[in-house]
Amino acid sequence: MYTTELKDKNSKAAPAALAAEDPERLAAFEARVASDDFIEPKDWMPEAYRKTLTRQISQHAHSEIVGMLPEGNWISRAPSLRRKAVLLAKVQDEGGHGLYLYAAAETLGTSRDEMIAALHSGRAKYSTIFNYPTLTWADIGAIGWLVDGAAIMNQVPLQRTSYGPYARAMVRICKEESFHQRQGYEIMMTMAGGSAAQKRMAQDALDRWWWPSLMMFGPPDDNSPNSAQSIRWRIKRETNDELRQKFVDVTVPQADAIGLTVPDPALKWNEARGSYDFGEIDWEEFYAVVRGEGPVAKERMMARVKAWEDGAWVREAALAHEAKRSARMAAE
Amino acid sequence: MNREWPLWEVFVRAKNGLSHKHVGSVHAAGARMAVEAARDTYTRRMEGVSLWVVPSAAITASDPGEAEALFAPAQDKVYRHPTFYTIPDKVKNI
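In order, the protein sequence lines correspond to chains A and B.
Quick note: the first sequence uses our numbering, first residue 1, plus one each step.
Quick note: the second sequence uses our numbering, first residue 1001, plus one each step.
Since the hints were made in silico from the structure, they are not lab data.
Here the structure is a predicted model, which is why all the values come from computation and not from measurement.
Heads up, the beta-carbon is just placed ideally off N, CA and C, and yes, glycines get one too.
Keep in mind that a hint or two might mislead.
As the list claims (entries may be wrong) - Listed next, the in silico DSS-like pairs over lysine-lysine satisfying Cα-Cα at most 27 Å (straight line):
| no. | chain 1 | residue 1 | chain 2 | residue 2 |
| --- | --- | --- | --- | --- |
| 1 | B | LYS1015 | A | LYS175 |
| 2 | B | LYS1021 | A | LYS42 |
| 3 | B | LYS1021 | A | LYS175 |
As the list claims (entries may be wrong) - Just so you have them, the derived chain B footprint on chain A, three or more residues with Cβ under 8 Å:
| no. | segment |
| --- | --- |
| 4 | 39-52 |
| 5 | 107-118 |
| 6 | 204-211 |
| 7 | 316-322 |
Claimed, not checked - Pair by pair, the computed Cβ-Cβ distance ranges are:
| no. | chain 1 | residue 1 | chain 2 | residue 2 | range |
| --- | --- | --- | --- | --- | --- |
| 8 | B | GLY1065 | A | ARG315 | 49 to 55 Å |
| 9 | A | ALA317 | B | ARG1039 | 16 to 22 Å |
| 10 | B | ASP1089 | A | SER178 | 47 to 53 Å |
All chains, please: the whole structure from these sequences, using the hints.
Below you can see the structure in the form of structure tokens.
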């Protein structure tokens, strides 16, 4: 799972405080990044690079962790033992992906606890997609196919992102993510080939998840203020609109192949462009969800905070146990 | 306020015959828990046969700002490489 860099529509782009940086070091940094060299944790970097990356990687980590909730919701109701084992493995992977990413973000100097506190207080964003509810089993298929599909589209170029720990986490995540998409598509394929009611359920899931999946790529390029700098710094490798178009182009034939219809009357193959034209995205809905007005945003955060608070005694007990154990070791 | 679990660096040996390689880090209260967290985090698909965990605080790293000076002594010693020496073509097995 993934998130693009999210900000409220009205929040100003971080003022590029580059003027305050040592020009010689900045020039050397820019040259290194431009030559596709990797930046490692202890290397000098402009503050704006550190800040943008910390925000992007921690948002990405939060998305993985919050993304466990809509799917976790269905583990106990999976239709067969096979589906249940698969879903458990997928949700566990998402947890792992969150941990790789938190660890990568920590190398930039922000502690895990600070990042978690920022998520729980609402200061940090996570992907808008997880603030939509999972109403039926077909939604688990649609999430794997579309949401993880969109994630892969975004994450593949990030394997070459300029910050070493982020790039390495992305390589690992991409390797694991492919099964997520395929298991989702398999669920959709099975339901689309099933009874009329099952097919309706699959189509309904596609209808509800299609547009939110397109929104996952973030605001359109002309309203994505940090894009140019992020691309110059190789934090991003392709723009939101480029990635969105790629996603549409590969996904529409996948829907056709299993007899499902993409819910967009404006969708049309454009021979000249060699791409699909598609309808206008409801950006007001997107910005509302970014602001925290998604259908189940409150439930998601309540579940996260509850899990964190209910686990507090475990974290404390583990430290107390360790202190006792090492004291005993020292005495022996 | 609770204290954060300390950070550990994780090294995985992919198979016997290879050395342990750094793969990332985990938070854990102690070494044993760190090994278990590393297992769950970094070897869900049989990526390894052995794990090392090291408290991150125990690692001393060289300063990248001084990398040039630190590694400079090796730069002008090309005679440490076999290609530095010219041997006639007709001489074999050397």
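Per the coverage rule (Cβ-Cβ under 8 Å, at least three residues), is the segment 107-118 of chain A covered by chain B? holds (count 3)
Is 49 to 55 Å respected by the C-beta to C-beta distance linking GLY1065 of chain B and ARG315 of chain A? 36 Å, violated
Please check whether the segment 316-322 of chain A has three or more residues whose CB lies within less than 8 Å of a CB on chain B. Since three or more residues must qualify, the claim that chain B covers the segment 316-322 of chain A holds, with 5 doing so at under 8 Å.
Are ALA317 of chain A and ARG1039 of chain B spaced within 16 to 22 Å by their CB atoms? 21 Å, holds
Is the straight-line distance between the alpha-carbon of LYS1021 of chain B and that of LYS175 of chain A 27 Å or less? 18 Å, holds
Next pair to validate is LYS1015 of chain B with LYS175 of chain A; report whether the Cα-Cα distance is within 27 Å. 19 Å, holds
Proximity test - 8 Å, beta-carbon atoms, the segment 39-52 of chain A to chain B, at least three hits: holds (count 4)
Starting from LYS1021 of chain B, check that the Cα of LYS42 of chain A is at most 27 Å away, please. Holds: LYS1021 of chain B and LYS42 of chain A sit about 19 Å apart, inside 27 Å.
Checking C-beta pairs, does the segment 204-211 of chain A have three or more residues closer than 8 Å to chain B? violated (count 0)
Consistency of beta-carbon spacing, SER178 of chain A to ASP1089 of chain B, with hint 47 to 53 Å: 51 Å, holds
Hints 6, 8 from the list above are not met by this structure, while the remaining hints are.
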